[in-house]
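The listed protein sequences derive, respectively, from chains S and Z.
Every letter in the first sequence is one number past the one before it in our numbering, and letter 75, counting from 1, is 83.
Every letter in the second sequence is one number past the one before it in our numbering, and letter 212, counting from 1, is 220.
Don't read these hints as lab results, they were simulated from the structure.
Careful: at least some of the hints might be erroneous.
Same chains, same names: a pair is fine if it fits in one copy or spans any two.
Derived DSBU-like pairs (lysine-lysine); straight-line CA-CA distance at most 35 Å [to be verified]:
{"#": "1", "residue 1": "K56", "residue 2": "K191"}
{"#": "2", "residue 1": "K56", "residue 2": "K36"}
{"#": "3", "residue 1": "K37", "residue 2": "K56"}
{"#": "4", "residue 1": "K136", "residue 2": "K56"}
Protein chains: 2
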Amino acid sequence: MSSVPTATVSRLVTYLRILTQLEAQGVKKTSSEHLADEAQVSAFQVRKDLAYFGRFGTRGAGYTVPTLRRELRRILGLTRPWSAAIVGVGRLGEAILHYPNFSDYDFVLKGAFDIDPNKVGFELGGVKIDHIDELPRVVREKGIDIGFITVPQTAAQGAADALVRAGVRGILNFAPTIIDVPKEVHVEPVDFLAGLKRLSFYILNPQLREELV
Amino acid sequence: MSSVPTATVSRLVTYLRILTQLEAQGVKKTSSEHLADEAQVSAFQVRKDLAYFGRFGTRGAGYTVPTLRRELRRILGLTRPWSAAIVGVGRLGEAILHYPNFSDYDFVLKGAFDIDPNKVGFELGGVKIDHIDELPRVVREKGIDIGFITVPQTAAQGAADALVRAGVRGILNFAPTIIDVPKEVHVEPVDFLAGLKRLSFYILNPQLREELV
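Sequences and hints are given; from them, build the entire structure.
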C-alpha cells in the first residue's frame, strides 16, 4: 500500500463514530448506504475508503456492526492506550484538561506544562501542572506519546521543538500557525479560525461546494 | 466553475495566513515555491489551487504579497464582517468568548446562549449571555450569520435546529457529532478528538501518509 488519502483517514474516523452509536443502540447490521447517509458521503465512497484496508462485509448482506467497529479501531490504532501532555494551560488548555471524553478512546492526559508561577505545581482535571523546563523529564518518565500545543501563536514553535526533542511522536496543534517538525513526527492542526474562514467561503459560494462523490 | 476541492479551500486559508505574516514582516514579493515550502505542499499544488480563481502573479516574477493577500481575502469572503453567536457557554464556550483573535478577520461574536440560570443574564468577554429561548429574537435583531455549537454532544442537533430555524447561514460545530442541516446551510466541524484519532493512525502508519503532490 503506497498511501491513503488524508480525507479517507478523516472519514474512517467518522464511520467509527457512527458505528459506535449504532452499537450503543444495539444495532447489529449496517450497510455502506446507511454509513454513507450518516456520514454525508456516497456509498461508493464508503466502500472505496474501506477497500484500502481489506475486504469487510458481504455483498448484499452489509457489515456486522461490532466487527467493522473493531476493525476500524484496530486500523486507526485505537485499541492501544495513548498518553498525551498539554503545553499551555490558558483557557483552552483548561477546557481540554476538563474534557470528559478522552477516556472513551484510551487517550490519557498525563502531563500539563506552563510557565506561569500561579499555575505550576497545581492540579487541574487530575493532572499536575509542571514548569515547561520539566517537560523532557516528565515526557520520558510518563511515556508521553502525543503533545497538545495550546500556547499563543508566538510560542507554538518553541513548544513544538521542546516536544520533539523530548521524543513525542505526534502533535495536536491548537495554535493558529504552522509548526515545523521533523518528518517522522506527525502534526494534526486543530484550527477553528481556519474552519471559520472556510465557512465564510462556502456561505458566499454555495455553488462551489464539492459534490458528494 | 463547477466546484472547488475542500482541500483547496483549506489551503487557501493557509496561504492567506502565510501572506499575512509576510506582509507583517514587510516582505513585498513571494513565489509559489516559498508559499509551498511554508504550507508544506508542492509549488505545483499552490499554482493549481490559485488557478481555480484566476491568474495571479507573473511567470518568473512571482506574486506581490499585498495584492495576493487582498485577492485571497476577497475570494474567502473575509473583506466583509461576519456576526457570530455561540450556543453553549461551558468551558469551551468561555474559552472562545475570550479568544482574542477574532477581530483580525472581522468575525464579531455578538451573542451567546445557555440554559444555566447561573449564566443567563451575565456577560463574558463583552457578550451578554441569553437564554436559548431568546435565540430566534437575538439572531434576528443582531443579524447573526454564523452559529458556534459548543454544547454537549446530545444537545448538538437541537442547537443546530434552533440556529437553522433562526436563519443562520453557517455553523461551526465543536460537538463531536455530525449534525443534520438543510443543504443551504454549511457546517464546518471542529473536532479535536477526530484529529487525535488521525494522529493515532499516522503515528502507527507513517508509511501511509499521503506524499506531497
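| message | Which constraints among the numbered hints does this structure fail? Numbers only, ascending. | response | 4
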